[in-house]
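A.B. asks: Chain order of the listed sequences is A and B.
Quick note on the numbering used here: the first sequence kicks off at 1 and runs consecutively.
Quick note on the numbering used here: the second sequence kicks off at 1001 and runs consecutively.
Incorrect hints may appear among the rest.
Sample of chain A residues facing chain B (criterion: CB under 7 angstroms; computed from the structure) [as the list claims (entries may be wrong)]:
1. T16
2. V23
3. Q24
4. C90
5. R92
6. C93
7. W94
8. Y95
9. G99
10. A103
11. G134
12. R145
13. T241
14. D243
Calculated directly from the structure, the hints in this document are not laboratory data.
Beta carbons are placed, not taken as given, at the ideal position from N, Cα and C, and that holds for glycine.
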Amino acid sequence: MRAVTWQGTRKLSVDTVPDPEIVQQGDVVVKISATAICGSDLHLYDHYIASMQKGDILGHEFMGEVVDVGREVKNLKIGDRIVVPFPISCGRCWYCRQGMFGACDNSNPNAEMFEALYGATSGAGIFGYSHMFGGYSGGQAEYARVPYADVGPIKVPDGVSDEQVLFLSDILPTGWQAALRGEIQPGDTVAVWGCGPVGYFTIQSAWLQGAARVIAIDRFPERLALARDVGKAEVINYDETDDLVELLKEMTGGEGPNVCIDAVGMEAHGHGFLATSDRIKQTLRLEMDRPTVVRQAIQSAAKGGRVSLIGVYAGFIDKFPLGAFFGKALRMAAGQCDVQKFLPDLLQRVLDGDFDTTSIISHRVGLDDAPHAYEIFAEKKDGCTKVVMRP
Amino acid sequence: MAATTSAPHRVKGSRIGPKRGGASYRARRDHHVHNVANPERFGSVAVGAALIAYGLKQRDAKGLLAALLGGAFVQRGATGYCMVYDALGVSTGDADAVLGRHRSDVTGAAATVNARKAVKVERAVTIARPRHELYAFWRDFTNLPQFMEHLESVRVDSPMRSHWTAKGPAGSVEWEAEIVNDVPDEIIAWKSVGDPDVANAGAVNFSDAPGDRGTIVKVTLDYEPPGGKLGAFVARLFGEDPDRQVREDLRKFKQLMETGAITTSARRREDSAYVGSTPQE
């Protein structure tokens, strides 16, 4: 089959590799009809996440048709059309049974590697996301092996297009959970950093969960336009402001947003001394993440506010404003999305038309165009907001 | 047999009818038990003193570690109580030290592992399955090579005796093992007997985890590494650290018991060491 493979920092190729097959009897093999590049794939592309090996197949947002089924799979059969969640979850450990699918105990065979690098207990394995997240082959390919097939994938009806449901694999539930963890109360103002694909769905989710105001922050005109026109949010271009924290307070009558959501993560851009020093430290590997957004979120949040991190972080940060965090009695939540937990509800909402899933897609290409697509997505060139590939 | 004091009887009395999982913790607080024989106690003090002297002379982190370790040896010798032996249910001193804790029909459970040459490993994992199921799977030693990476085979010769073959750094190693303690759903303890390639003693404890989390499985392993402690250090450099092995073996045990298979990310069968099946529920 053809597959997008990682060859080094900012180096990809599209190769012919052996097809996947049923390895364990709970697996299915899926023939992929649509797959997307995720913002978090750029962390691999830029090699900010360790334990990549040459030849690794990328991609954790994919859907398609079941073409082979292990003996013990009960819920799926050949021909079913499924969307596959990006976290791989066994469904049987204590965490999965609590609905914490992103914290699965058993699905990362390389948990040891994760624990050595992060100094923390590993969560779920992830498709196409480095060896410390399991070393699974990803879905930017013609076929993929999907383990624990009774637990993860959701069947989708025929009448709905790939582009309507593809993002149930990651960015739609991820945005939904980011908003949920902000515990939005009636009358709350929600600020969302990052108007990329996850921010796009976070903004829509915040409205659906009862926000009174949504403020969206980015610097790219096409992303701000989506947030404003599709997301109906008030928007801030942070390139045009000297002090984002002050502006947010001013916009909220001196209070600050009640819910601050970081949909950016560890490759944040920013201005000023701290942002520059973070960039230097990250390049020198003195600091693994650039925490510009986390700092701004904590500093601008209203008292009793909630800070929800959904952008990916991978290590240690400096100058964490702990005094402000304590002084304002904030709460913070983070973590990979428990995709499986939300799928039945979110699929219904998509079918009901609650979400605009397609306006974010700027590029539709074939697998062979992947290297170019990654480049324009990473550089935010050519108005690139989301790439969908059709193998 | 070590000189007895009145203490063991008092202690023994206080720990009759141990509750699940709690016995070993109580024993640790009660350091009145002599489970180290006298000659070994003198040796322990001597080694400890030497380590302290060496450690203090070094004046660095490693030296501090050596001095602390030396302190532990001195304490072990002075008090006649060894935590490692206690955890294993083994005694070279008072038989009471073992008998009071577990079953009364265990006899002659003298240590086969020389504590001065031994490396000790202790690791625990929580598994969302009932105790009896985990105990039963482990008690059939022929199951163990399924999840113990270095174990090639186990042959069960009698209810108490078995023959073990494992991959060592320089080829296969073999030993005969005897069960020294076996309380269904609670503990299995064993030691090597005869002339083993690797002298070892170990125990696996099963206790209830809080709430509905299942079972805590704790492995304690005490063994004499081939090539002594230096050999163990070299093995560690090459990723053959026994502490790591026990941790990873327990992780695979958990995967196998919870999901019915050991997790693999292989795309094709030939790339996976673990081609299994998921459980029927």
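A.B. asks: All hints are to be evaluated individually against the structure, with a verdict given for each.
C.D. replies: Outcome of the hint check:
1. T16: violated (14 angstroms)
2. V23: holds (5 angstroms)
3. Q24: This hint holds: Q24 of chain A lies near chain B, its Cβ roughly 5 angstroms from the closest one there, short of 7 angstroms.
4. C90: Holds, because the Cβ-Cβ distance from C90 of chain A to chain B comes to roughly 5 angstroms (cut-off 7 angstroms).
5. R92: Check passed: Cβ of R92 of chain A comes within 5 angstroms of chain B, closer than 7 angstroms.
6. C93: It holds, given that the least Cβ distance between C93 of chain A and chain B is near 5 angstroms, below 7 angstroms.
7. W94: Nearest chain B Cβ about 5 angstroms off; hint holds.
8. Y95: Violated, about 9 angstroms.
9. G99: violated (14 angstroms)
10. A103: This interface hint is violated because 13 angstroms lies over the 7 angstroms limit.
11. G134: Hint holds; G134 of chain A Cβ to chain B Cβ min 5 angstroms, cut 7 angstroms.
12. R145: At 5 angstroms from the nearest chain B Cβ, R145 of chain A passes the 7 angstroms test, so the hint holds.
13. T241: Hint violated; T241 of chain A Cβ to chain B Cβ min 45 angstroms, cut 7 angstroms.
14. D243: violated (45 angstroms)
Consistency with the previously given hints fails for numbers 1, 8, 9, 10, 13 and 14, ordered from lowest to highest.
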